[in-house]
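Participant: Top to bottom, those sequences are chains R and G.
According to the working numbering, the stretch in the first sequence is residues 1 to 326, in order.
According to the working numbering, the stretch in the second sequence is residues 1 to 326, in order.
It should be emphasised that the hints constitute simulated quantities derived from the structure, not laboratory data.
Only a predicted model underlies this, so the values are computations on that prediction, with no experimental measurement involved.
Backbone N, C-alpha and C define an ideal beta-carbon position, used for all residues, glycine too.
There could be a bad hint or two in this list.
[Claimed, not checked] Each pair of labels, with its calculated beta carbon distance range:
id, chain 1, residue 1, chain 2, residue 2, range
1, R, 186, G, 306, 44 to 52 Å
2, G, 305, R, 162, 35 to 43 Å
3, G, 310, R, 56, 26 to 34 Å
4, R, 140, G, 31, 30 to 38 Å
[As the list claims (entries may be wrong)] As a list, the in silico SDA-like pairs of lysine to any residue whose alpha-carbon atoms are at most 20 Å apart:
id, chain 1, residue 1, chain 2, residue 2
5, G, 132, R, 73
6, G, 103, R, 164
7, G, 323, R, 270
8, G, 183, G, 250
9, G, 323, R, 73
Each chain is listed here by its residues.
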Amino acid sequence: MNVNNVEAVRATLHDALTRDERIVILGEDVGARGNVFLITKDFLQEFGPQRIVDTPLSESAIIGVAVGMAMDGLRPIAEIQFADFIFPAFNQIVGEAAKTRYRSNGDYTCPLVIRTPYGGGVRGALSHSISIEALFYHVPGLKIVAPAFPADVRGLLNAAIADPDPILFLEHKKTYRLARTDIADEAYTIPIGQADIKRSGTDLTVVSYGYFVHLALEAAAKLSSEDISVEVIDLRSIRPMDKTTILQSLSKTHRLLIIHEDHAFGGIGAEIAAMVASEALFELDAPIRRLCGPDVPAMGYAHALEDAYMISSEQMATAMREMVQF
Amino acid sequence: MKASEQRELLRRMLLHRQIDTRAFQLNRQGRIPFALGGEGHEAAQAGASLAFMRGQDVLVPYYRDLGLALGIGLPVIDVFTSLFAKKADTSGGRQFPSHFSNKALGLVSISSIIAAHVAHAVGFGLAMQYRKERGRAVLCSFGDGATSQGEWHEALNFAAVMQAPVVFFCQNNGWAISVPQSKQMRINDIADRAIGYGMPGSTVDGFDPIAVYDAVHAALERARNGGGPSLIEAKCYRFLPHTSDDDDRTYRQPEEVETQRTRDPLPTFERQLIEKQIYSTDEIALLKAELYEHIDQALEEAAALENPSADSLTTNVYAGTEKAWL
């Protein structure tokens with residue numbers, strides 16, 4: 001099938017609903033409206049209100065109810081309409097879902113997928129733009145994936161649905177309709193925790209995820225005309241994270257640039273930098289550099305503020321060039 | 001109510017009381033670090049547990065539900081493996097006492113977070129509804145303080161909208177640790193909250209096990225037959241401090257407790273059964289001795305069991321052996 005990310009999510013959910021009767025989708029506006037991005041369009045007519053559940057406007061209850069369903073043997077896929085709205089459900093995700101297996105010593109489990117659109121660059125202002133991964137990746141018991149290409153979306157969503165533990169499935173809004181590609185029709189899976197080398201190179205390793213992988217690839221393509229060879233790793237999964245791919249790449253390039261939209265302080269890049277510092281310090285020919293979202297509470301609405309927050313492919317290219325010349 | 005059922009109610013109340021007494025003794029002896037009692041809740045929990053249909057219904061309890069857990073079939077030994085935090089404990093020694101988990105009994109694992117479990121109960125109910133399992137219902141229990149939580153309101157509203165087969169059972173003992181009901185809400189009867197959700201609400205004397213049974217039985221039957229959720233408030237009293245770590249003399253007058261003690265449901269119900277010639281004084285004395293013996297055996301048996309190994313710290317985080325880094 002030839003799809004963009006929205007269609008990849010939709011097709012994968014559709015297949016899963018057809019394949020497995022234990023799957024129910026619940027969230028705000030997932031029924032008659034078919035989700036605000038039309039991801040569940042026409043599902044209500046096809047699968048009925050027992051499986052496509054329009055919930056009250058109640059994020060904490062959406063996740064709490066889904067936790068109960070999952071503990072009782074269903075395979076709920078809960079939707080938080082925008083990642084920015086997830087905080088009322090923080091307790092249910094961190095305090096309940098992530099601890100269910102541990103606190104019952106495996107008696108009860110919580111096979112739950114929480115899908116949510118995140119990220120900026122879409123004129124979403126303060127409360128429709130944020131990245132939430134760093135606030136959740138601290139939590140053992142939870143898994144987090146953030147694929148950015150249709151083939152990865154399909155493979156990781158299938159893996160998430162099949163997984164016996166709770167998973168936060170992050171969909172970057174800016175990638176929803178960014179590109180169309182041909183992907184396989186069958187319900188294949190991509191292992192959670194496996195990164196993907198989106199572009200091979202020898203001079204510099206760039207580690208990123210989400211929308212910024214697309215921009216990093218643009219920048220890397222540009223630099224190839226300057227004889228700079230950049231390797232771009234798409235993490236795809238945030239927890240667990242793929243150490244092997246990062247270290248193997250560094251043993252070749254000896255330079256590491258980490259790029260993410262989420263804030264730098266305490267972000268995913270900090271953990272990667274700490275891992276590399278302890279496991280591959282003497283591989284490095286240059287200091288590790290992080291190119292991340294600024295340390296401000298939120299993205300602004302005005303174009304100028306949004307642009308100042310986001311990192312352009314030109315800024316990425318500049319950083320890449322500086323690192324190689326170090 | 002049949003005489004045999006009334007005898008069973010008294011047996012459950014006595015068992016609950018005696019175990020609480022032993023747990024506080026163990027704590028004062030320095031044999032366990034913590035005890036959590038339900039004195040004053042025995043009648044409410046015996047009555048509600050008698051309405052629970054074993055093998056059909058699900059109980060989503062709160063932390064002060066020892067009598068309910070025993071009443072639906074939790075073995076006495078499991079109480080002591082929990083108090084001693086043994087390997088054989090239903091959480092493997094991870095949880096505080098009285099946070100049981102027994103899927104086979106329909107006893108759901110909970111955290112200590114107030115009202116976080118109420119939405120789970122709705123999820124269990126909706127799973128039953130989805131699978132068209134008529135004849136099953138969920139009993140969800142909590143204290144008066146829980147009804148101040150947003151999660152509680154979200155869950156009740158959700159349940160009402162979906163007509164989930166859940167009975168919300170509030171044991172109103174008048175105190176949320178040190179805060180009296182008058183500082184928790186501006187209403188006298190928590191059951192009054194039900195009308196705001198569009199479900200039936202009723203208040204019963206939580207010191208009268210037969211009245212509680214009648215109310216919970218009727219509500220569970222309605223839920224089992226597709227009649228939707230309801231809220232029952234059983235007014236009782238907490239004779240003990242919140243836990244063994246609390247000193248209730250700092251916030252309530254001993255005279256208040258003494259006055260309430262004169263209404264203690266245990267001697268009251270014993271007297272009623274003697275008056276009704278369901279039990280003789282001697283028979284009750286014999287029953288108490290038998291329970292004491294049973295508890296004593298379970299206590300010493302549990303105390304002799306092995307402790308959890310340090311290795312078990314890292315088990316049951318996920319289904320597999322995933323670490324943060326792969």
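Participant: Check whether the Cα positions of residue 103/G and residue 164/R lie no farther apart than 20 Å.
Facilitator: holds (17 Å)
Participant: Go ahead and decide if the range 26 to 34 Å is satisfied by the Cβ distance of residue 310/G to residue 56/R.
Facilitator: Taking Cβ atoms as reference, residue 310/G and residue 56/R lie about 45 Å apart, which means the hint is violated.
Participant: Holds or violated: residue 132/G with residue 73/R, Cα cutoff 20 Å?
Facilitator: holds (14 Å)
Participant: Measure nothing beyond the straight line between the CA atoms of residue 323/G and residue 73/R; if it is 20 Å or shorter, mark the hint as holding.
Facilitator: Violated. Residue 323/G to residue 73/R sits at ~25 Å, over the 20 Å cutoff.
Participant: So the hint says 44 to 52 Å: do the beta-carbon atoms of residue 186/R and residue 306/G match that?
Facilitator: holds (49 Å)
Participant: Verify the proposed pairing of residue 323/G with residue 270/R, using a straight-line Cα cut of 20 Å.
Facilitator: holds (18 Å)
Participant: Would you say the C-beta atoms of residue 140/R and residue 31/G sit inside 30 to 38 Å of each other?
Facilitator: Holds - the Cβ-Cβ distance for residue 140/R and residue 31/G, about 32 Å, lies within 30 to 38 Å.
Participant: Check whether the Cα positions of residue 183/G and residue 250/G lie no farther apart than 20 Å.
Facilitator: holds (16 Å)
Participant: Within 35 to 43 Å or not, the Cβ separation of residue 305/G and residue 162/R?
Facilitator: holds (37 Å)
Violated hints for the displayed structure, listed by number in ascending order: 3, 9.
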